[in-house]
Structure formats: structure tokens, C-alpha cells
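Line order of the protein sequences matches chains A and B.
1545 is the number that this note's numbering gives the last residue of the first sequence; the numbers go up by one with no jumps.
1545 is the number that this note's numbering gives the last residue of the second sequence; the numbers go up by one with no jumps.
Among the hints, a few may not be true.
Identical copies look the same in the list; a pair holds intra-copy or inter-copy alike.
[As the list claims (entries may be wrong)] Under the rule of at most 25 Å between Cα atoms (straight-line distance), these lysine-lysine pairs were calculated in the DSS-like manner: (1) K1070 <-> K1220; (2) K1293 <-> K1267; (3) K1251 <-> K1213.
The hints are simulated quantities; they were obtained by calculation from the structure and are not laboratory data.
2 protein chains.
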Amino acid sequence: MEQKDGRQRVVIENIYPELQEGRFPVKRVAGESVEVYADIFADGHDLISAVVMYRHEKQRKWREVRMEELGNDRWKGRFPVVREGIYFYTVSGWVDHARSWLHDVRAKADDGQSIEVELQMGLLHLEEALGRAIGSYKEELQGYIDLISQEGRQAEIVQALHDERLEELLRRFSEKRFPTTYPRFLRVLTERRKALFSAWYELFPRSCSPDPARPGTLRDVEALLPRIEQLGFDVLYLPPIHPIGHSHRKGKNNSTTAVEGDPGSPWAIGNEEGGHKSIDPALGTFDDFASLIESAEKHGIEIALDIAFQCSPDHPYVKENPQWFKWRPDGSVQYAENPPKKYQDVLPFNFETGDWKNLWKELKSIFEFWIDKGVRIFRVDNPHTKPFPFWEWMMKELKSRNDDIIYLAEAFTRPRIMQRLGRLTFTQSYTYYTWRNNKWEIKDYVEELTQTEMKEYFRPNFWPNTPDINPWKLQSPNEAAYMMQLFMAATLSSNYGVYGPVYEFMEAAPVSGKEEYLNSEKYEIRHWDWAHETRVSELMRDINVIRRNNKALQNTSNIEFCETQNDQLLAYYKWDDSESNRLLMVVNLDKDHPQSGLVRLPLERLGGEHGDKFVMLDLMTGNQYVWESEWNFVLLDPAHYPFHLFRIEKL
Amino acid sequence: MEQKDGRQRVVIENIYPELQEGRFPVKRVAGESVEVYADIFADGHDLISAVVMYRHEKQRKWREVRMEELGNDRWKGRFPVVREGIYFYTVSGWVDHARSWLHDVRAKADDGQSIEVELQMGLLHLEEALGRAIGSYKEELQGYIDLISQEGRQAEIVQALHDERLEELLRRFSEKRFPTTYPRFLRVLTERRKALFSAWYELFPRSCSPDPARPGTLRDVEALLPRIEQLGFDVLYLPPIHPIGHSHRKGKNNSTTAVEGDPGSPWAIGNEEGGHKSIDPALGTFDDFASLIESAEKHGIEIALDIAFQCSPDHPYVKENPQWFKWRPDGSVQYAENPPKKYQDVLPFNFETGDWKNLWKELKSIFEFWIDKGVRIFRVDNPHTKPFPFWEWMMKELKSRNDDIIYLAEAFTRPRIMQRLGRLTFTQSYTYYTWRNNKWEIKDYVEELTQTEMKEYFRPNFWPNTPDINPWKLQSPNEAAYMMQLFMAATLSSNYGVYGPVYEFMEAAPVSGKEEYLNSEKYEIRHWDWAHETRVSELMRDINVIRRNNKALQNTSNIEFCETQNDQLLAYYKWDDSESNRLLMVVNLDKDHPQSGLVRLPLERLGGEHGDKFVMLDLMTGNQYVWESEWNFVLLDPAHYPFHLFRIEKL
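Using the sequences and the accompanying hints, generate a full structural model.
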């Protein structure tokens, strides 16, 4: 921060994006770009030039892109990130004496003042630039020098001084004198494309058996892969597949006493057959697991595993490393609680143990174990109940070795905490989407995610349901409600997911008065008619095809909500970077009644004017409309389709 | 930044106020306080405690004030600054295990669960706290320990567990385990009260002669002190008093050729009689200056000098230190320009000289020279045309030796630059007030100054005019316009000033089509009838008395604009810290016509309710009104008074 040379006159401050003084990187996927903003100014009237400097961690040489002033001393530059890994960037600026001279001499010449002395000063600038120039630029500069050196050609010289080309040559080759470089190298964590664009399907392997007489296995999951592929999902997420504890095992519907045959919660991890690095023998073997991973790849699907850092009382860790748990005065181990609630089948780790370093190492080895087994995606259970310093270390450690792993943070908690986990480089996060119902709630929330600094580090993954959340609005098997919630998840967010069978088959009877499932798969084995397909299944297939074919749906931040004259109609516009793919979504939020009203086309964004006509092709139905004005009538009947998904073409 | 102990579970981020990672201090005057905000949270469900730690630079021991959670993980604490100098502050937070235990055991007891083991755990917490407690607190804690240790007194124990006092004892004495302390010590630059509350009067000494036959002198200024005291001003600001150059001296009305007797611009500093450390012999001697300073003090006035770092071509520096100037190819020194404009009587320093270190030292010695002569206030001319690193160094150097000097930055330029100078610890700044005319412009601007981060470092000083700015609205001698502009400057901002004689006597004929004065005192000697007083003079006297008697007018940030049903009526409410002094100002912005309409009392701020009655005492006129509802009728006639200044009393 200390000023080394008092002649560094340029000030650079208020850089965007910069997360907590560069402590955390911003996130991108390969192929995206980073727009960098900064306040840049100096004393006095001289002109300034500024660049964004950037390089990939594996490149030595810095590249530069020129910044442009937006007005009021705010500058902007943009650079592409093409490779996975870390990019570094910073900003540099300097008083541009050569261009300042050019602007001054132009003003004086235009004012009819003598510029004799100014031309002598200019020759110094030009010759100085000549010494730096290369190739044909040298000749161009020499041409200007020759002209300016001649006497009696004043008119010609004044005209030449106004050449844009002359200014460009000075920009390129004149001296960067006493440059100020922002004192930190900021980082871009560049990930693979799936970090930004993915469709998740969740199921319980033990419920995958085609035979109601026996529980499902990993082999049964493998047999379902073609079906999931056909639905268009590319991530298959499995709850924990480890041995399940016996002590305090939960019975059906979360009862505190299990009876013979109750399988227990998969999140009560560990028994005498092993812990986090074992597979429940009832589900299969490591060979079965390897086969599942391999088959999935052939179907274009990746298997996501659950990482839940907690133990059943029977987990081998409890005996082997008692110091990792909290012991009570009565000699028992502290189980998980949120008083007065109790979770006796689950023991949390005590992260305040004196042996925390070994605990951290062991937990890291769990990730590494499954990475070695071919897993590239993890859904991390309740990360907000483990210390942030632990995750900061863990993410750095894991990412220093594997930069293609995706981590989905399952933290349904307060905003600051979810944001912090995003900054600690969890790849994606669950969200509050599940509880956003009316038009303003949805708009405000999506704008918070996409129009604030959160877009730089927090990648939402929209789930209309999970095994833990049976939202009020989906508790009765209303097809329109299911279709609408899925449609919005899949078109508002480029990452989305569903707790699949319950969603497809709309079997969502609640525990009375709660947002929980009756007969939850968390506590018992279910059997599904996997041969069956509903209209919801069809929508999954259709919307996933449309997502693959329309780049506008492959990014979350490119969204603008549109005005409608009916509060039950939600409309939003999305586009791809080239703006060749432009979509307008209109949703009827009322699952029970048709709703109609005017919807406003975002003409400014579309680059259109009053009077332009647009062809609106509904990609769901194939119907085509011509919209001839800014405001257009829409009628959506939930009995048919509760939404339009228009591709917009200018007529 | 590095995590030392992985068990420091609390995260502290997004501290407010913090200027550029602590590089710059926030500003206060002695007697104010600092409200510190931070996002503070940890993993899991445990309770957190947090404090602001602070100390004066001359104290060794840190003090602590407890922070309170405002909701959504945002916390707030406040500490007082009582001495001038630097205060350091930071934030510390920790997982509060004792209070977490208390809350858990309360929840379990209320739920009817057994708390036997919990009481055993609680005894550990209480005994641990006992070891830290002092005095009578020890007995109180022992009392709780004795009670909880007894069997068969369950009901009594449960009741005791709910004591607020028990929680308070645990807050005070339980262990701060693995605390996280924010990694930077932030600073508060605490200045004397005049930094925040001052009224400036500007005049040209050479125009102070009572005898039209001769120019004014410092002795003549001294003779005017009783008059300025009577008007109620406490700072008398003089343009440069140094010898004035001859070369390219400007004539009357800024003409490029001076004639015999033209005195030149006081800002063209230096001739054969000396430079920045000399007094123009026409004005007087150092003895005269010492006498002026001494007399001023007796009249409760401080003399503010102008520091303008530039030279006339005749300044001794030009010969003695030619390396501090920019030389052109024709052997001349570069004068000040903003092409096509030229200022041939002024040479800027070349801050890019290789000899910059000596230049900086010499310029610092100019400040020190006048500080030694008893000057405590400087108005710094055009600081934005000298490098920011220079000012950062200069302010640090000067303030390390004298913490009671006030620096007013005269930078009328772009926002980012004015803000930067504020952060570099210029005490006060000129503003855009001069050009804010309608209700929304005034409201938006004042809210930017008082409701954003600017309030932490940028102290506005509102000037309705200066020798350089003759604003359109004051170019005709309209008494109402003059009164309104003065009234708003003096009541919107606790620091304000006027270019005095021109303002009092409303002699403001413009250079045609420009916001400049015809026959400007910058280029010629004027004579004023100092015995004369106008209604504007009377208003100065009255408003300065009112400012002294009403604390609500001694701070700028305590302001809330009020709704009015007429866009020509501007209303604003101000209050002091104790809210015992509460003022409502209403201004008619239309200088030519009476305006009337309803004005809304800020009932929420006033702590009032519908139906409350308020006595409104107009401090300008002594008239008294009773307002019986939220909206009240106001009529303001510019021919009489174009404003109300109400002191509000609840009936």
C-alpha cells in the first residue's frame, strides 16, 4: 500500500469485482469473461490511460486489455477466461503525457493559437514512441515525425494531428510513466461449464428396486440410467450410501423407536461394517459402484454423492477417535440438538477439539477417497454447522489438486451464512427458491442473486422440493402447480434439481401441518413404478431439451423481469451473450384459474422500437404468434399449460 | 488474515465504517461517538457475543463496549471519542458457550425434559465464571452455584435459570473462547469542535481601507474584527497575503495586460520581495500580522490563510529551484493552462520532477512557517491539481505534529476527486451547494453527504458564493434570494461561509453571461462602506446567534427532509444527540412569489403520534404557532421572510 514513488499520480480504487480485499476469488466457467470496473483518476487535467492486466496461473506473461472511461472517473475493461483454474487480474493506470499533449495541441490549433513550441514537444513524444514501436508501426510513426518536422506545411500538420490513427499509435507505444498498479492481484476461479449449467435428479437407491419384495441396490440405480437420461438430467444425486447405525435408529416417519426391518436414515452414518469410506452392503459393492459410475458416464450423467460430516453412535470413529466428539458429564456422547429438538441417531463432530487438525485431515481424506473412486460432484450436507475456517481450508486443499470437482452446499439458513459459503468457493448452493411464491418475492429474490455482488460468487441451484422440504404448494397432486414450479426452476436458474420420483409421481402427502413428507424415504424403503410417466415427467424431458438447445437458459445472471398488468402473471426475458438466442417466459402463478393480461416486451433490451413486430414461437407447444406492439395480451390456462416459453424473432 | 487456530469459529466481516481497508481514518470531533456495525456469525446454533474494542493512541489499555445484534447477523456497537487525536477500534467476537448452555437448558426445562445432566454442565460454566468474577459478583455467582448444586429444588432452579441477572453475570465473566478479532485496527481522526461547526467570512485585506484614497492593510482588517464578531462569524479567511508577481500580471477584469496601479491577483504569488513565506509590504509587516492574530483571538475569531502552491514567474523559487518547474523547448517555463485557456501569471509546480522529495519538503515548510506564526486554519487552493500521494504524505506529516489545524479543501471538481481529498484527511471541503437550486437537487445532494459513507470522512462547508463563483441566482440584488441562500447554507450545514462584503451589500454585477463578478476583487482594489448594514447583514447576525444557541445546527448529518405539498417549499428537520433541541426549517425556494402549502411533521422521528400537539416557535420572528395535526399549513412571503426556523416543543 505504501507509495514508492511520489510521482505515481494516478489513483485506482473501488475495484469491482473484488471480494473482501481479494481474500476470495470471483467465479466463472471457462468461456465466460470478467468485466472489471474501477475508479481511476489523477490530479489536474492530464489524460489517463488504464489497462486490466491478467494471466492464467499457469502462464507467466501478463496480458493487457485497455479500459474505457464510462464517465465520472469510472472505468471498465473486460477479459476472457478460457481455461479452468485460477486467473489473476489487477488494474494499472498512468498519466498519458503523449495523448495529453495531442489533445492540448489540437485544442490550441483549433483555437488558432501558435503551436510551434507544442510541435517541438510533440516530436519528443513521437520519437520516444518510435523507439518502442515494432514492424509497420515504426513506419507510420516515422511518417508523422517527418511531416511535423517540415516547415511551411502547417495546414497539413494540423489535419494530421487530428488523425485517430495518430492517437492510436501513441496509445500503443508511448511511455507508461510512473504507472500506479492496484496493490493486489485478484483471482478468478474458473470452473468447468457444469458448475453453471446442470440439471439434477435425486433418488434413494434403496427405493429403486423393480421388485417390491426386495430393497433397491446400486445395480438397480444403474438400470434406471437410461430413463434418467431420457428425462434429460445430467446429474444423479444419491443420499449417503454408507452403512447405517443401529443405536437410536429412527423408525418410519421419524419415530424414535425403530422396529425390525426399519432401514434407518442414510444420514446416520456408520456401523460395525464401516463409515464414510464404506458402502452399505445392502446396496452393493465397490464393483457395483464402479460400474454405476462407468455406465452413468456413457449416458451423459454424473453421479453426485452426499458428504455428511456426522456419525451414528456406532460409527468406528466414535471408538477410534473419541476426542472428536463432545462427552457429557454422564459419560454419554453429545448428540445433535436444536433444543428442544433432539436427533439421537446422529453425533456431530466437536470441531473445538484439541485434536482439530487430525479431524480436518481425516475429513479431507473422505472427499479424496471418493474422488479416487471417480466421483466429481458432491452435495455437502449442512455445511453451515461446521466451522467456516474448516471449509476455507478444505476448499483450498481440494481445489489445489482437482479443479474439476463440483460442490453443492446444502445450507438452508440465514443469508450471510449462505453467502459466506459461496465465497469460500462452494461451487453451487441451494436457495430460498422453494419458499418464494408470489411475483414480487420471486422477482426480488432472483434480482438479489443476479444483479448484486452475489452473482460473482454465489451460484444458485433451484430445487422445488427435497426429501427435507415438502412445500405447502406441492402437498396436493395439482399438476399445474408441479409444472409451474419445475418450469420456473429450470428457466430462472441454469442449475436446478428435483427430488425426482416424488415430483414425477406427485406423491407428496405431508406430515399434517408441516412441510415434511409422510412416509418419507428418509426413514423407509419406497417402491416406485419407474415404468410410469406423468405429464410432469414429460415436462422434465421437454424443458431439459429446450435448455440444451437454448443458450439463454445456460446462464442465470442474464435475466430481466418484464412488466405485466396482472400480478398473477410473471414474465422474464433471458438472452445469450451474442443476443442471438432470446427467450421470453410468461408464467401463470395461479394454479387454479386461467389468468390473462398484458405483458410488456423489454424493447430497450431487444434493441427494438415502437412499431417493431416480433414473431413469438412457443417452444413448448410449437404455436407461433406475431406481437405488433409493446404490450401484448396473454392468456394462460393451468388446465393446459400454465406458461409460455417464447423464442423471440424480429420480423 | 491467516487463520491461526481452526477453532476460531466466529466470522467478522463487512465492518462499517471502514474506509479502503483501514487505509484512511473516519472523522469525528471530540465529544461525538462512533457507531460500529459488522456482520458477525458462526456455524451452528450457538450464541455469539461481540464487542467493539477501542483506545486512544495515547492510552495503552483497550476498552470494550458490548455489541447488540440488529437481526440478520448484523451487529452494532457505539463508543465515545472524547480526546483529540487518533482512536483505534476493531471488533472481536466469540462463541459464547455459557450463554448457549443457558438458552438450551431454559428451552429444555420449558419443554419438560430432564435437565439433570445439563445442570452438571452448567455448574462447570458457573464455576469457570466464578474464577473470573470480582467483588459482589462473586457472591451472586456463588448463590446460583449453591442453588443448582442442591437436590430437590427443581422448581426453584428452573425459575433461577430464567433470571436475566444470571445471563448478565455469564456475559461478564464467562470465558471468551477462541475469539476472532477483526484483523485490522481502524482509526478515528478526532478533531477539535470547530472542524464540525464554524462560520466563515471572506474578505480581501486590500479592500478593507476606510479611506478610499489608499488600499487596505492588515491593520485595517484588525479594525474590522469587532464588526465581524458582531455578525457572528468565527473564522475570517484572507486570500493570499504574499508579494504579487509583476510578469504577466493580470489587469482589471482579468485582462492580460495590467496598467500602472493594477495590484494583480493575490494568487500570482511571489516577486523580488519574497514568496510564500513573505507578506506583501503593501499589506503590512509580520508585526501587523501577529497583532491581527492576537486581536482576532480576543474577538473569538480565527484567521484562516490561503495556501496556494503555485508561483508567479517572479517568485524566488523559479531562479533558485528551476528543476521544480516544467521548461519548454523554447526555454520558457510552462505556465498554467487548460487549453485553450491560459494563465500566464501563474506557474504550476512540476510534481513529476526528479527532485520531488525536496519540493515536497519545501512546501511542507510553508505550512509549518505559518503554523509557527499562529495560524490554525488553512484554506487550501486547488488541492486537486497536486498529486494525491503528495497530500496523503503532507496531511500525515502535518497532523503527526499538530492535531488542531483545520484544512479546508478548495476543490470544485468531480465527485471522486473531492471524496479522495476528504479521505486524505482534509478537514472540510467546499461543495456543489452553490449550484443546487430546486428542492430535489438540494435534498438529493444533502442526503448524499449525510446518509452515505461520505458522512464518515467528508465535512461539507456550504458557500453560497466565493470570489470565483457569482451564481446566476445571486447576480441581481434580490434580498429574498440572498437571505434564502444564506439561511439554507447556515442551517443545512454546520460549516458554512460567505464571500462577505459582496454578499452583505449584494454588489454582484456579473461578467455578462458568466458566473463571474464584474470588477472582481481578485484583480482590483474595492472599497466597501463597512459602516453600512443590510437586511442580509442582520440575517447573518441573527442566524449565527441561533446556530450558537441550538445544538441541532452544530452537526450536519442529523437531518431528515420532510414532505411538503408544494415543490417550492423545502422542509427539513434537525435535532441534537439528546433530542432535546429539535428544529424544523421551511424555506420558500421561490424568491419572487409567496408560496404556501402543507408541510408534514416527521412524527416517527419526533416520537409523536396522531393527535399530538406541538408548539412551533419561530426563532427568526418570535411568532408561536400550535400545530395540531401531522400536516400543517405554511405560507411564506419572500417580501418578508422566505423561511421559518421553528423550535419544536411538545405541548
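Status of each hint after checking the structure:
1. K1070 <-> K1220: Between. Shortest inter-copy distance 19 Å satisfies the 25 Å Cα cut-off; intra-copy 61 Å does not.
2. K1293 <-> K1267: This pair counts as within: shortest intra-copy Cα distance 17 Å, inter-copy 64 Å.
3. K1251 <-> K1213: The answer is within: 18 Å in one copy meets 25 Å, while 69 Å across copies does not.
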